[in-house]
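Colleague: Protein chains in written order, with the working numbering: chain A, 1 to 763; chain B, 1001 to 1325.
Be a bit skeptical, because a hint or two may be false.
[Said to hold, decoys possible] In silico lysine-lysine, DSBU-like type, Cα no more than 30 Å apart, as pairs:
(1) A:Lys234 x A:Lys80
(2) A:Lys131 x B:Lys1035
(3) A:Lys376 x A:Lys165
(4) A:Lys101 x B:Lys1035
(5) A:Lys376 x A:Lys161
(6) B:Lys1035 x A:Lys24
(7) A:Lys131 x A:Lys80
(8) A:Lys302 x A:Lys398
(9) A:Lys154 x A:Lys165
(10) A:Lys179 x A:Lys302
(11) A:Lys101 x A:Lys302
(12) A:Lys753 x B:Lys1297
Read the hints as simulated data drawn from the structure, not as lab findings.
Every value quoted in this text rests on a predicted model; they were computed, and no experiment measured them.
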Amino acid sequence: MTAAAPEPKANMGRPVPRYDAVVKVTGRATYGSDMPLDNPAYAFLVTSAIARGRIDGFDLAGANRVRGVIDIVTHENAPKLKESKLFSNGGYAGTTIQPLKSADISHDGEIIAVVIAESYEAAREAANRVKVSYAAATPSATFDSPGTTTAAAKGQSSQFKEDPKVGDFAKGFNEAEVKLTASYDTPTQHHNPMELFSTSCAWMGDNLVIYEPSQYVYGLKNGVAEQLGIDADKVRVVNPYVGGGFGSRGSMTPRTAIIAGIAKRLNRPIKLVPTRDQGFTIATYRAETRHEIKLGASRDGKLVALRHEGAEVSSRADPYCVGGTKTTTRLYACPNVDSLVSIVRADRNTPGFMRSPPEVPYLFALESAMDELAVKLNMDPVELRRINDTTNEPIGGKPYTSRSLMACFDEAAKAFGWAQRSAAPKSMSDGDWLIGYGCAATCYPTQMAPAAARVRLQRDGRTRVEIAGHEIGTGAYTILAQTAAERLGVPLEKVAVFVGDSDLPPGPVAGGSNSTASTCSAVMMVCDQVRQRLLKAVMPNKSLTDKAKETIGLGQTPATKAAKSSEAIDLEKAFDALGTGLIEEYGEWKPEGAPMDSLRAMHAGHARLVGGASMKDKIAYAFGAEFVEVRINRFTHEIRAPRLVGAFAAGRIMNPRTARSQLMGGLIWGMSSALLEATEIDQRTARYVNDNFADYLVPVNADVPGVEVILLSEQDDHINPAGAKGLGELANVGTNAAICNAIYHATGQRIRKLPVRLENIEV
Amino acid sequence: MAVQALSAAATANSPLTQANAQPLAGGTTLIDLMKLDVMRPAAIVDINPLDQRWSAIDPGGENLRLGALAKMSDVAAHDEIQRHYPVIANSLKLAASAQLRNMATLGGNVMQRTRCSYFRDVSYRNCNKRSPGSGCAAMDGVNRMHAVLGTSDQCIATYPGDFAQALIALDATVEVTGRSGIRRLPFAELHKAPGSTPEIETTLQSGELISAFVIPGRWPRSVYLKARDRQSYEFALSSAAVALDVQDGTIRDARIALGGVATVPWRARETEALLKGQKFDDGLAQRAADAAFADAKGRQHNSFKIALGKRVVARALQQAVTMEI
Ligand SMILES: Cc1cc2nc3c(=O)[nH]c(=O)nc-3n(C[C@H](O)[C@H](O)[C@H](O)COP(=O)(O)OP(=O)(O)OC[C@H]3O[C@@H](n4cnc5c(N)ncnc54)[C@H](O)[C@@H]3O)c2cc1C
Ligand code: SF4
């Protein structure tokens, strides 16, 4: 075993290499814009240079003179589209701002024209020559800008359901022996997945095929159909590979229906590849947030009062909100809890999901505050977490289905060498560098959604698994193949997996880290249907008890409990008995507690996620602990994080290799978020300024010399048949706080605003 | 647009004399800016076919001669340059990425244009450098990366490169080839501070090419210190090129240039004057560093560069004094 393929512990699958490894490293994986089209025309977007106001007029003369220009689409001649509702309001869209509908402009970089030409270069050249005159109004950029409005999230956003509270916070805080009040800020951030926000649309008569990186092909298919006013069965979305999503492709953006409409009108396939900077404004992003945390504790470290107040920016049009207090109010034992989330409306594009939407900003605040409290108490921050660890969440008293938080702290602390830390700030250094150690808890809700799958098995063991899941780089192909191979007892090499196509049985959105739990549970269920047919064939007279169903498998590579067969079935004999060459089974899996209509909703492209803190009688989260070493140069104040160590427990680990990659990527992103990533907004114009990869910094290899991921063994029989907790969004949650806590240790300076840059350090 | 090739520079009918013709070397600045619609040359002249002397690295004799078409990576990796001119090797090694250094040339490097986000995004109307007289969006906008030295009320854009600081510190001469032959000028006279004409960045005339850089003497006691947001592949927030001649703890000669903080490659003459003939200690380093920023002007987001720049200069001096040669 290598570091990349950790030795599986109890309740872990094998670290098999990625199903799609070879096609990816040889460049043969076909992403959306790689899909061949028959005689395509090319689209290039023109986006607004103001954030608020109106378009007075266009001068298209220069653009029309560019050789190869076919059409220039503006609000004056755009295809008419039906309105799209927000995903949280029964729709599919990530924004209700519909460009090209009128002369009005409601945010920076809104699509105001689409140039269609014979080549990409001609389209770009003509787009550069489109002249726009604006009647600009003064926009409100962000918090504190004149003209913004603020209101409680509860009531205006159907996405945000509760401001959790319990006990009497005011009394608890008043009477607390030790008190802390602190405010924290997180910046605007953009996902910047490597694959751009491309869209290709091709019509065959009344049928539309869309090639687009999407984290939800069923949502996109239904959403585009609704906007075009056509039957959803006529729309197919295909994306066998998605070059990163991170939440940016979970809901529909306006571009898709626009391109589809133009392709229809021109009767020609159209390919759009927007630029990197257009990606900042034609899709969603993580909005900036503000927090005030109040903690009250007894001298011995027991929390007696906790209040978390959060504020988030959204667009004028839509009340998007992440509202992470549902997690932060439940993480530690505390009798008196209060919370409030509000939304500040500004002239911005609508924000949206970004990897661990609620937990990233909200846990940064709480886990920083916990460290500050530990300092006040003169206590090791790990011990403070131990004292407040709990088996039941404090708001409703529901039990965690499993919780390995402290085991993660202990394992990670050991691997990191936490014991070598001298507690006093500014007490460790190495030559020019001050050294700081810091840690924080991380967690992410365990979520599931309905999913359907089709499995075909042939006499020679060849197996085909079909589910409209998504390979966004996480390893979906690999673990689905493993799941089917294990469940059916066929060799892994014989399993072919098909995802990323809305003609396959519906899978859930690849969001909220529900994919593994949901798609694997569905595939397991359908594999069992296949097994039952085989069993009936070979043992026609035996009445199959549940026990027998559980214990009889097909042999070969038993790994899951169910596949540990005492009686292996001879496939050839079974097929001969059945008198058939192929068995095909389809099934729909619904997680426990999913609403009645959730299977119907699944087909209509609405993912009804259940789990986390929203279940009736229990609460399910994955946990972890993260330790970082930061080094701060005494002279330049440059901040580096040479060591990131995380230990994580997430139920059954389907594949330690792909799990490690996810968690490692999360730790690196967490570091990036703490030290590098921020979208800068020009306050006067409400425009994004550093909207490109040279100015919006993400780490390079030299920034991450040491990343260590430890996977803990954990079994949880109360979540889903796969026994898996999502872990794709687990690791980047705690890192922001861990880094700031380490910076405090290195310098004695508490920094409560992200990202931390060298100018924020005073030593 | 057709790309024309150039095989001899000093000719009367050079394609470079066409109006708004741009030479193409590695293309890592020019092509980027054309894609962004910031640069709209009427003609592109590929200068890579020029003869081998244009890319030669010649460390022989008293002077180091570097051809304008020499690749950043080749110069950085050159043994004798690492030995006798560490400031040159390191300024190149710490710049851009390995891939870019393999493409980019020294001539193109010193001619690279500012990274000011408002300059590089044509949807911002107000940029005096891009469209003279239109104003400056950076002045009261997002200006963390902008200059604190050599600014004017027309433009505060930072000169972004690293290598030019080494050249300016070492009194390099730049050799320019035009229609009528070769002329030489001090490298310090190549770049022009923005003043009231930020659109004019250098003193090169139409049709002229940089053919080589000539560096007199050897400077084994020299360092390039670069402070930046990430560990690699990032422009300087502040940098210092320092070359010293030290004997028995006394500084006989000092050359100092600053990057990341000024509108042009910036020679810190006040600092050099303070150091010359003095016994080195930390106090002196501090005073010398302060002198470099005596006239600095910060704006909303970049004022930190003044304090940072001073610390970078002081530290670079300490490193140069204590380095083993
Ligand atoms: C992402 C990124 C990061 C970077 N980071 C750094 C960094 O950290 N430090 C740093 O110093 N640089 C950095 N650079 C800039 C890079 O070093 C320059 O782009 C490169 O050196 C330019 O050289 P080139 O040969 O590619 O020039 P080209 O792009 O070919 O030319 C640049 C300009 O110079 C003109 N020109 C070229 N050769 C001559 C000549 N002989 N005479 C007259 N004019 C000429 C061209 O017409 C053009 O206007 C970075 C660039 C990028 C894209
Ligand atoms: S600083 Fe200079 S380059 Fe930047 S916007 Fe102002 S004028 Fe333009």
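Colleague: For every hint, state whether the structure bears it out.
Modeller: Here's how the hints hold up against the structure:
Note on A:Lys234 and A:Lys80: the hinted pairing holds, with a Cα-Cα distance of about 18 Å set against a maximum of 30 Å. With a C-alpha separation of about 18 Å, the suggested pair A:Lys131 and B:Lys1035 falls inside the 30 Å cut-off, and the hint holds. Straight-line distance between C-alpha atoms of A:Lys376 and A:Lys165 comes to about 25 Å, which keeps the hinted pair within the 30 Å bound. Between the alpha carbons of A:Lys101 and B:Lys1035 the distance comes to roughly 29 Å, so the proposed pair stays at or under 30 Å and holds.
Pair hint A:Lys376 plus A:Lys161 does not hold up; C-alpha atoms about 34 Å apart against a cutoff of 30 Å. Taken as a hint, the B:Lys1035 and A:Lys24 pair is honoured in the structure, with Cα atoms around 28 Å apart against an allowance of 30 Å. Distance hint between A:Lys131 and A:Lys80 is fulfilled; the C-alpha atoms sit about 23 Å from each other, no more than 30 Å. At roughly 20 Å between alpha-carbon atoms, A:Lys302 and A:Lys398 fall within 30 Å of each other, so this suggested pair holds.
Note on A:Lys154 and A:Lys165: the hinted pairing holds, with a Cα-Cα distance of about 13 Å set against a maximum of 30 Å. Pair hint A:Lys179 plus A:Lys302 holds up; C-alpha atoms about 12 Å apart against a cutoff of 30 Å. Between the alpha carbons of A:Lys101 and A:Lys302 the distance comes to roughly 56 Å, so the proposed pair goes past 30 Å and is violated. Of the pairs offered as hints, the one joining A:Lys753 and B:Lys1297 holds, with about 26 Å between alpha carbons and a cut-off of 30 Å not exceeded.
The structure is inconsistent with the numbered hints 5, 11, although it conforms to all the rest.
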